[in-house]
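Q: Chain residues, written in single-letter form:
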Amino acid sequence: MKTAAPNQKLQFLLLGTVGLAVLPHYPHLPPLTFGFFAALLGWRLLGVRHPAWLPERRVLFLLLLLGIALLFTERQGIFGRDAGTNLFITALGLKLMEMKRERDSCLIVYMAFVAAATQFLYEQGILFGAYIGLVCCLLLTLLIAMNGLQHPIAQALKLAVIFVLQAAPLAAAMFILFPRLDPPKWLAIGSETRNRTGLSEMLEPGSITNLGLSDELVFRARFDGPLPPPHQRYWRGPVMAATDGKRWVQAQNFERYPKSNPQVSGRPYRYTLLLEPQEKNWVFALDMPAEFSPPLSRNANFQMITSELHGQRAAYKLTSYPDYNTGPLSSAEYRDAIQLPGTPSARVKELVARLHGYDAAPELFIKSLLNHFRRENFRYTLEPPKLDANPIESFLFDTRAGFCSHYASAFVYLMRAAQIPARVVTGYQGGETNEVGNFIQVRQADAHAWAEVWLDRRGWVRYDPTAAVAPERIEYPLDVSRLSPGETIYFESASGEFGKIVSLLKQAGLIWDTVDYGWQRWIINYNGTHQANFLAGFGIKGSRAMLNWLGAILIAATVMLSLAILYRRRRKLDPALRIYVRFCGKLARKGLVKGTGEGAKDFAERVKAALPEHAGEVDGITGIFMNLRYGKRPDPKDIEQLKRRVAAFKP
Amino acid sequence: MQNAINALLDSANQILLGKQKQIRLAVCCLLARGHLLIEDIPGVGKTTLAHTLARLFGLEYQRIQFTSDILPADMIGSSVFDAKNQQFTFHPGPIFSQMVLGDEINRATPKAQSALLEAMEEHQVTVDGKTYPLPEPFFVIATQNPSHQIGTFPLPESQLDRFLMRIELGYPDSAAERLLLTGRSRHSLIDDLAVALPPAQLQRIQKEVLQVYASNALLDYCQAIIRFTRESPSYPAGLSPRAGLALLTAAKAWAYMDGRDAVIPEDIQAVLAAVAGHRIRAGHLDAAAVVAPILSQVAV
Amino acid sequence: MNAPGLKMKDRFRLSRFVFGEKASPDPITLNHRRIFILPTLSGLGFAFLAVLLFFIAFVYNNNPVYLLAFLLAGIFFLATVHTFRTLAGLVIREGHGKPVFAGGTAAFPIHIDNPTPLLRPQVRIEGQPETELALPPDSRNQIFVHRTAARRGWCEAGTITLYSTFPLGLFRAWSPLRFNMKILVYPQPAEAGVPLPPLSAGPNREGTGHQGSDEFYGLKNYSAGDPVRRIHWKAYAKGYGVLSKQYGGGSGGELWLDFDETPGRGTEERLSRLCRWVLEADQAGLRYGLRLPDHRIVPADGALHRQSCLEALALHPL
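Chains as they are written, first to last, in the numbering used here: chain A, 1 to 651; chain B, 652 to 951; chain C, 952 to 1269.
No lab work stands behind these hints, which were simulated from the structure alone.
Any given hint could turn out to be false.
What the hints assert, rightly or not - So the derived label-pair ranges between C-beta atoms look like this: (1) B:Pro-693 with C:Leu-1255: 20 to 30 Å; (2) A:Arg-582 with B:Pro-693: 49 to 59 Å; (3) C:Leu-1255 with B:Met-652: 37 to 47 Å.
Glycine included, C-beta positions come from ideal geometry on N, C-alpha and C.
Work out the full structure, taking the sequences as your base and the hints as a guide.
A: Written out as C-alpha cells, the structure reads:
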C-alpha cells in the first residue's frame, strides 16, 4: 500500500488529467484563481522531472496563505456554486504541490472527480457531457494504474472503459428510479439554474430552448367537427409589444387598450380545451376565439384569460374562426407597436431600404423580407450560437441561425424600422393530432413565437417568419417522442454539385440532433415531473414505489453477479460419463456413494453386494459404460441404450 | 490363451500357498517384459517363487547369490585364454539365461549391482569391447533384504527404477503355514511341475500385451495419477515419465490376464502399489500405504 | 476436497478472518468461504466521493451530476465483484520445501493453480510487497513464501495470506491460508578451520582388502550425489561428458563424527561443528558415520547419506 509516488509517466498523466478536469472552469472562475491554479499545475509539472524545484514546507505555507488571500479578495464567501468552485479549485491546486505518496495521488484523483462534476453546474451540453465522461475514464484509469505495480496504461484504460460500461446499467437504473425530490429550502442555494416550465412573460431569444424540448403536456383540444389544418393551429398566448432590443415583454398598460370585437368569418371550430395545471391564468385558444363563456375573458390582445384559480386541470368550451379582422388601431396601441429601443443602425436601415421597406406597400416589404429569410442562408436550429449585446443585428447579419423567437423578434424589429406596426405573439403552434379521439395534444415542445403586423383594412395579420425558413415546423406537428426538434435546414445550398455533400451533412446533422435531443430529454430535463410521468407508464407511482423498485433491481443485479462468479464452469463431460453420473446419483440416494478414486467395476461389485436384486441391471449399465469409456471399439449407439437403462434403473 | 495363464497361476498357487496376489503380480510383470524386485526378509519364499515361475514358463534358470565380494565378471562371464586355440574365448556367466534370480542383491557392492542392472536395461552385455546379446525372453527377479540390515548396500533410487515392480511376500497365513509344515518339501514339488506356458508362447503374449487398448479417458486417469505424485507434498519425488510408461504397460498386462482388450482404471489401481511404491518412496516398505492417498484422492 | 460445512459459531470466529481455517494437506479452492473482502481506506474515500457528488446533485437538482454520482456508486459496487473474482477459484496447494541452514531463509513453495479461463492479475502475499503475481488462465504457478529460519529444527510457514486490491484499490480481498508446511532447518555450520577427526578402522572390512579407497577402479557416468572431487575433469575437458572416478570398495578407513568427541561449548555449538564436518567430509568424498547421543548413522557417502546426517543433527533434541 505504501508505495512511493507513482512513476513519472503516471505523474504526467495525473497532472494532465487534473488540468483537463479543471480547464472548462476557465469561463466561470475569477481570472486570478484560475491563474493561481494554472501556475501551481505548471510548477508541479516541472517538478516531475526536477523534484528539487518543488517547494519546501515554508514555501508551501506561503502558497496556502496566498490562496486564502486570493479567495478573500474575491469576496464570494464560501457557500454557493461559484464560491464553492473557487475554493475547491484553489484547494486542488495547493494539494498538487503536496503529492508525495500514493494516498495523496488518490485524493487528488478524487478531487479531480469533483472538479469535473461541478462543471455540470454551469454547462450541461452533450459535448460537455462527453468531455467530462472522458475525463472520468482517465481518472479511473489513473486509479487502476496507481494500484498496480505493473499495469501498462493502455491496459488500465481498457479496464476503466470496461468498468464504466459495466457500471452503466446500474447507474442508469439508479438514475431512472431514484426519486427526484426538491431539496429542502435551506439547501436551495442552486435555484438559479432550475428550469422554468411553461411560457414566460418575457421573450428573449434563447429562453424558449428548454421549452422546445419538454414533452410535458399543456392542453388537449377536442374538436366537435374536423380538425383545423396544421397551418392554422396557432394557439395564442401573451403578446409581446415592448422591447429594449434584447428582450420582449407585454406592453405596459395594454389592458387599457380599447377592447374591440374582431369581425370573424370562415368555418367555425368548436372545441373543448382541457388545460393541464398552469402557473399562469392563460388559456391558449385557437386564433381567433370568438365565442366563450365565463370564467373566460378575452383581453385587448385577444388572449384568453381565466379567472379561475390556476394549478388545477380545467376544461373550457370555445369557438374560434380562422379568418378575422381586428379593425382599427388605437393610438396607444400604435405607439406601442412601432416602439423601438433607439434608432436602428445604418446596417438595418440599409437592409430595410434594400427590401423596399421605405418605398413600397407593407405587404410587399413583408414578402421581400420573408424571401430574404428564405434565400439567404438562414437556418432553423434549437441550438443557436450565443448572441451578444445586440442580438437582433447579430442574428440578422452574422449568425443567421435561430429558432422561432429569433425570427419573430427580428421580423418585428425590421417592420418597426419601416414604421409598420408589428408585435410578437407567443403561444403554441401545431400539436399532435389524435385521429381516434379527434383531438390535438399540445406539449411544451410546441411553444412558438410568431409576428403580427397591423395592416390597413385588415387589422392585425399573422405572419410566421419561422415558416419561411422551416416550413416543416408549421406543416408537420412536432412529435417530440420521435422527431428531433432541432432540424438544421439549409435552403440555399441544396443545389449544384455540393448537393450530395450537403444532404450527407444534413443526415449527419439529423443524427446528431437526435442524439442531442435524447441527451436533453432524458438526462438534462429528467426532473421530478418527467420522472413521475415516465415511471407511471410502467405502473410505478410515488417515491416509495421507485425506491422499492430500485432496491429490487439492485438486489437482482447483486444476485446475478454473485451467481456469475460462484457458478464455476464445469468441464465438458463425456456424454457416457454424464449418464453414468446420473446412475451414481440414483445409488447415492440409497446410501451407495461412489468414492473419488473408485473405479466403475469396483463400485459395481460393492453395489451388487448391497443390492443383490439389482445385480443384473448394475452389471449391464456398468458394462456398457465401461465399454463406452474405456473400450477399444465403443459403439456410439450404446449411449442411447445406456440412457434408457439408467432411466429405467430404480434401486 | 487365458486358460493357459490361469492354469499356470493355479499351479503356482499350489506351490506358494496364500500368495495369489503376489504371484499374479509376478506373472503380470513377466508378461509386461519387466523385471521384478522382491523385498522381504529371508525365508519367506522368494527363491521358491522365482524357481516356480522359471519352471512353469519353461525358462532356463540361473541363480546368482550376491555377496559383498562378487565381481561383475562373476555374473557376466569373462574372456579366458584358451591355450589350445591360442586366443581368448568368452565364457558366459550365469547371467546368460532366460530367468536370473539375483539373490540378496543389496549385499553386493554398487559396482556389481550396476553390472546386473545395466544388463537388465540393455538386454546385452559388453565384455572387452564385444557385445553379447542376452537370451530372449530375459527376466530378472532380484531379491533384497530390508535395507536397515547391517552390511548392505541398498539399491540407489535411480537403479530401483529399472525394476518394473517391487513386491513383498510377507509371512504366510496360519493355514498356509500349517500346510507348509506338514506337506511335502516345496523343492520336490517344483521338480514335478510341468511347463505351462512355453517361451515361444510367452513371447507372443508379451507382444499382444502391448496391443491392449488404452482409451483417452484412461490415459487421463493415468496422467492424473502421475501429476498427483509430482505435486503432492507427501512424496519427495514424483513418478518419472519412464515410471508412467511402466505403470501403463503393467496395467495392460494386468488387463490381458483378465482377458480384456482394453485397460480400465481398476487395472491401474491393481498394479499401482507394486509399480509406483518403490519409485516414489524408496525407503518405505509398505507400498500399499504409500499409494493409498493416490487411490483414494485421484478421481477416476 | 469439499470441506464440511461450518457451524454458525465457527463461521463468525474472528480467527478465521486473520489466521484462516484449520490447516489441511488438501488443495484449497478459494471460494466465498475462504475469501474476505473489505473496503480499503481509499475505498472509503471513493464512497465518500460518490456521496458528495450525490449531495451536490441533490442540492442543485443537477441530472448530469446525479448520473456521475450513480456511475461512481455502480463502479464502487462492481469493484467488490472484480476484486473478489481476482482470488475466487484459485487452487492453492502446499509444496515441498527444501531444507535450509539456520540463519538462512526458508522458502516455502506454494502452488497456485488458476484452473479458470480468467487472468488473475495483482495477486500478492502479505508481508512480501514485492511479489505481485499475474496468474494466466489455466496455469499452474509456484511461488515461494520466505520465512527467516532462525534456529534449527522445524520451521513452520504459519498463516499465509493471499490478497489483492485489483483493479481500483478500493477493496481488499484476502484469504488467510494455513498449511502444515514445515521446512527442516539444519544447524548453522560452524566456521571452517577445525580439522576432521582421524579415520578409524571400519567395522565392515571383509573382502575389501585388495581394493583400497584410493585404488582407481574405473569410470562411470556422473550421477547426482557423486562427490565433486571424483569427477574426472580431464575427461570432461576432452569432451567425454561428465564422468566420475570409481574407487574400489571405499571402506579403506571410516570417519566417525562423534558428538561426544566434538569440541565446543554446549549442544548447539557442537551440532554446528558436526554440521560443518558433515559438509566437509561429503565434499571430500569420504565415507563417514555420525554418532549422536541417541542416534547412530553407519558410515556411507552420497547425497542421501549427507541428508540423513544433517536431518539427524537438525532434529537432535534441544
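Q: Any hints from earlier that this structure breaks? Give me their numbers in increasing order, please.
A: none
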